[in-house]
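Trainee: Read off the chains here:
2 protein chains.
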Amino acid sequence: MSGRLAVIGLGPGNAGQVTPEAIRAVAEARFFYGYKPYIDRLDLRPDQQAIASDNREELARAREAIEKAMKGESVAVVSGGDAGVFAMAAAVCEAIEAGPPEWRDIDLTVVPGITAMLAVAARIGAPLGHDFCAVSLSDNLKPWDLIELRLLAAAGAGFVIALYNPISKSRPWQLGRAFEGLSAVLPGTTPVIFGRAAGRPDERIRIVPLAEARADMADMATCVIIGSPETRTIPRDGKPPLVYTPRSATGPSR
Amino acid sequence: MSGRLAVIGLGPGNAGQVTPEAIRAVAEARFFYGYKPYIDRLDLRPDQQAIASDNREELARAREAIEKAMKGESVAVVSGGDAGVFAMAAAVCEAIEAGPPEWRDIDLTVVPGITAMLAVAARIGAPLGHDFCAVSLSDNLKPWDLIELRLLAAAGAGFVIALYNPISKSRPWQLGRAFEGLSAVLPGTTPVIFGRAAGRPDERIRIVPLAEARADMADMATCVIIGSPETRTIPRDGKPPLVYTPRSATGPSR
Chain A
243 MSGRLAVIGL GPGNAGQVTP EAIRAVAEAR FFYGYKPYID RLDLRPDQQA
293 IASDNREELA RAREAIEKAM KGESVAVVSG GDAGVFAMAA AVCEAIEAGP
343 PEWRDIDLTV VPGITAMLAV AARIGAPLGH DFCAVSLSDN LKPWDLIELR
393 LLAAAGAGFV IALYNPISKS RPWQLGRAFE GLSAVLPGTT PVIFGRAAGR
443 PDERIRIVPL AEARADMADM ATCVIIGSPE TRTIPRDGKP PLVYTPRSAT
493 GPSR
Chain B
243 MSGRLAVIGL GPGNAGQVTP EAIRAVAEAR FFYGYKPYID RLDLRPDQQA
293 IASDNREELA RAREAIEKAM KGESVAVVSG GDAGVFAMAA AVCEAIEAGP
343 PEWRDIDLTV VPGITAMLAV AARIGAPLGH DFCAVSLSDN LKPWDLIELR
393 LLAAAGAGFV IALYNPISKS RPWQLGRAFE GLSAVLPGTT PVIFGRAAGR
443 PDERIRIVPL AEARADMADM ATCVIIGSPE TRTIPRDGKP PLVYTPRSAT
493 GPSR
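Chains as they are written, first to last, in this note's numbering: chain A, 243 to 496; chain B, 243 to 496.
If a hint is listed, it holds; no wrong ones were tucked in.
Repeated chains share a single entry, so a pair holds when one copy, or any two copies, can fit it.
Only pairs whose alpha carbons sit at most 25 Å apart, straight line, appear in this in silico SDA-like list of lysine to any residue: (1) K313 to R478; (2) K481 to R448; (3) K481 to A340; (4) K310 to R287; (5) K278 to Q290; (6) K411 to M459; (7) K481 to T351; (8) K313 to R365; (9) K481 to E309; (10) K313 to D347; (11) K310 to P477; (12) K310 to P288; (13) K481 to S244; (14) K411 to E454; (15) K481 to E344; (16) K313 to P477; (17) K310 to D347; (18) K481 to E445; (19) K411 to I449; (20) K278 to A294; (21) K278 to L383.
Everything labelled a hint here was simulated from the structure, so no lab data went into it.
Make the full structure from the sequences, and use the hints.
Mentor: Pasting the structure below:
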């Protein structure tokens with residue numbers, strides 16, 4: 243008899259942005275798998291046990307969690323943000339597809355959460371107010387050429403772009419290259435938002451024009467949002483500007 | 243002296259997906275502006291007052307809410323899902339930019355929420371597990387040509403596509419046209435998810451291959467997710483299939 247596996251999105255990192263559904267799912271599980279910083283956010287009871295692992299071992303972690311659940315246990319895999327956006331829900335599905343047929347019987351629940359781009363956007367106005375896309379800048383699992391192609395296609399078609407996984411120690415040059423490529427198709431005045439740790443005590447939100455955007459303005463905890471040519475900035479006295487993308491757009495070739 | 247204006251995302255529509263932050267923001271406001279179905283979700287105290295309006299009057303509603311807040315009142319504008327995704331936060335920013343200069347002094351907060359595509363994705367696996375975009379199919383405020391251009395650019399570059407506002411009485415043909423256009427660039431086997439009222443009692447989630455997708459499978463409460471060529475379907479005995487987009491992708495021209 244198989245147990246239960248919940249893949250839970252814990253939101254950007256403050257308690258006010260964890261849904262009641264996520265809190266309930268955490269309360270109902272006994273074994274917790276996840277990247278250590280997310281596991282550390284949990285306030286577990288003595289009868290609950292955490293198995294933290296490194297960021298790079300998503301598939302192994304997914305398999306381990308599924309095996310535990312298949313033994314009849316109640317298991318949770320936790321992600322920051324939304325569990326389904328560049329996070330553990332896809333890894334769990336991959337493991338199920340590649341695993342033994344009985345794994346498909348598992349009682350699987352995915353609990354959505356506030357994903358980083360939504361939290362960052364809310365702090366600055368409404369940059370995602372119209373058509374947008376989300377791109378992971380990590381070339382660990384896809385070729386850089388494909389990332390570049392997607393960025394240029396999206397910018398050329400007028401999408402606002404949210405970049406996840408913009409930079410890390412092992413991927414130092416990709417974000418700079420992305421800004422370079424985008425500068426060829428977007429005005430230098432396009433607003434770029436560096437949203438670090440949105441909603442957490444160490445939050446830092448910074449807006450610069452694309453022409454001045456530099457890779458060292460981001461770190462691993464940053465979600466970068468690049469406006470479209472329609473995106474507007476409203477200056478305010480004594481307050482950070484508002485950045486928003488209007489609900490209307492005027493034509494294919496702007 | 244200006245009051246406060248909170249633009250609040252109430253999530254997809256079940257209490258388990260409303261954040262504590264949104265609940266707090268609702269508790270702190272006295273006047274509520276919004277589309278009636280969202281206003282109806284609130285359980286207001288006798289000292290709180292709701293001003294419901296029609297769906298088409300976003301800008302007028304935003305102005306009215308700002309004017310009320312400028313009189314020193316504590317005002318909330320409520321949206322379903324996330325307030326910043328095809329919703330009221332952009333309309334409020336538009337109104338501020340076009341309004342008198344003193345409107346820029348307003349104490350504005352945007353409270354993010356679980357947006358529809360995240361709720362739908364969670365019910366079916368992880369279709370948004372890799373690069374994706376969100377497109378509003380409404381041509382009330384942008385030309386249809388631009389929408390078509392964006393859909394084709396996104397599909398051609400391998401993005402999963404979430405469609406918001408797919409259909410309405412006054413926009414009956416757009417979704418069918420979108421499926422037609424996408425069929426020219428995507429395999430007929432590409433999974434299409436019709437996610438209606440995800441997480442609510444009247445939820446209905448349906449998966450069909452693109453070749454069989456029809457506009458009448460959606461209504462106003464539906465978020466449609468169209469897979470990429472990488473998106474996979476895992477059949478399961480006695481359960482709906484899982485649909486997910488792997489974390490890896492293999493090349494620009496797949």
